[in-house]
Amino acid sequence: MRTGWRVGRVLGLLLVCLGGYGVARLFGPGHWWKRTFLRTAGRIFGLDLRIEGTPVSRNVLLVANHVSWLDILAIGGAAGARFVSKAEVADWPVISLIARIGDTVLVERQSKRAVRGQADQLSAALIEGRPVVLFPEGTTGDGRTLLPFRPALLATVTPPPPGVVVQPVAIDYGDATTDIAWPDGESMGANAARVIGRPGRIRATIRFLPPLPPIDDRKALAAAAQAAIAEALSRA
Numbered sequence: 001m002r003t004g005w006r007v008g009r010v011l012g013l014l015l016v017c018l019g020g021y022g023v024a025r026l027f028g029p030g031h032w033w034k035r036t037f038l039r040t041a042g043r044i045f046g047l048d049l050r051i052e053g054t055p056v057s058r059n060v061l062l063v064a065n066h067v068s069w070l071d072i073l074a075i076g077g078a079a080g081a082r083f084v085s086k087a088e089v090a091d092w093p094v095i096s097l098i099a100r101i102g103d104t105v106l107v108e109r110q111s112k113r114a115v116r117g118q119a120d121q122l123s124a125a126l127i128e129g130r131p132v133v134l135f136p137e138g139t140t141g142d143g144r145t146l147l148p149f150r151p152a153l154l155a156t157v158t159p160p161p162p163g164v165v166v167q168p169v170a171i172d173y174g175d176a177t178t179d180i181a182w183p184d185g186e187s188m189g190a191n192a193a194r195v196i197g198r199p200g201r202i203r204a205t206i207r208f209l210p211p212l213p214p215i216d217d218r219k220a221l222a223a224a225a226q227a228a229i230a231e232a233l234s235r236a
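Taking the UniProt record's numbering, the leading residue of the sequence shown gets 1, the next gets one more, and so forth.
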């Protein structure tokens, strides 16, 4: 019953925001509607957001750890950012629509030629000004340990375009981490049902860490971002 109630409320919210988004597009980019939708959907699914640090508001690549699909609602609601996600998201019901609303950059991670083209797309998005979120682990895990950061898409910001900075972000769900994590082998449907049906609230702390200095080597940048996030999570 809890799952159906929460999903129904989010679908109703989506319909309302789609109407508002269409009106907002007549007068501007409508990014505030996207942020409102993500933040409110997060609350419906049980998220209580706590924000630490200061997010860079424009021309920034936010590099974050990846625990759950809830990460999108948490950091999207906190920063009003667009996301870089794997291309399979386009085939997921409801999630694909949310991705389109959020101007998500979809990437084919298996194709080097596609990655090069998508790096150009990502660079253009960064220069446009709106924050962009990248999960360099490339997937979610058990929530207890960071997976190695993949440096491929970081080529876009090594060195960064003029005026663009890289800011690490640590996402921490505290005691709820293992409950809401999306481990390898669990389907989207099974994980969503488990997380949405979970009783109680989920405290999500989003820590915006100091921006990294410009680094010309993408492997070094990936290592620096991972070290900063790991250190922040160890203090939790």
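If you're looking for bench data, these hints aren't it; they were derived computationally from the structure.
Ideal Cβ placement from N, Cα and C applies to all residues, glycine included.
Take the hints with a grain of salt, since some may be wrong.
Stated by the list, open to error - Beta-carbon label-pair distances, calculated as ranges:
#	residue 1	residue 2	range
1	P159	S187	12 to 22 Å
2	P214	T54	34 to 44 Å
3	A230	D48	36 to 46 Å
4	K219	G141	15 to 25 Å
5	A155	A193	17 to 27 Å
6	P214	S187	38 to 48 Å
7	A155	P199	19 to 29 Å
8	G197	P162	43 to 53 Å
9	P159	A193	41 to 51 Å
Cross-check of the supplied hints:
1. The hinted window of 12 to 22 Å between P159 and S187 is violated, with their beta carbons roughly 40 Å apart.
2. The beta-carbon spacing between P214 and T54, approximately 19 Å, falls outside the hinted interval of 34 to 44 Å.
3. Taking 36 to 46 Å as the suggested C-beta distance range, the pair A230 and D48 does not conform, at roughly 24 Å.
4. Range check, K219 to G141: Cβ separation about 21 Å, and the 15 to 25 Å hint holds.
5. At roughly 37 Å, the beta-carbon separation of A155 and A193 lies outside the given 17 to 27 Å, and the hint is violated.
6. Against the hinted window of 38 to 48 Å, the Cβ-Cβ separation of P214 and S187 comes to about 40 Å, which satisfies the hint.
7. Range check, A155 to P199: Cβ separation about 43 Å, and the 19 to 29 Å hint is violated.
8. As the Cβ distance of G197 to P162 is approximately 47 Å, the hint placing it in 43 to 53 Å holds.
9. Separated by about 44 Å at the C-beta atoms, P159 and A193 satisfy the suggested range of 41 to 51 Å.
Violated hints, listed in ascending order, are 1, 2, 3, 5 and 7; each of the other numbered hints is respected by the structure.
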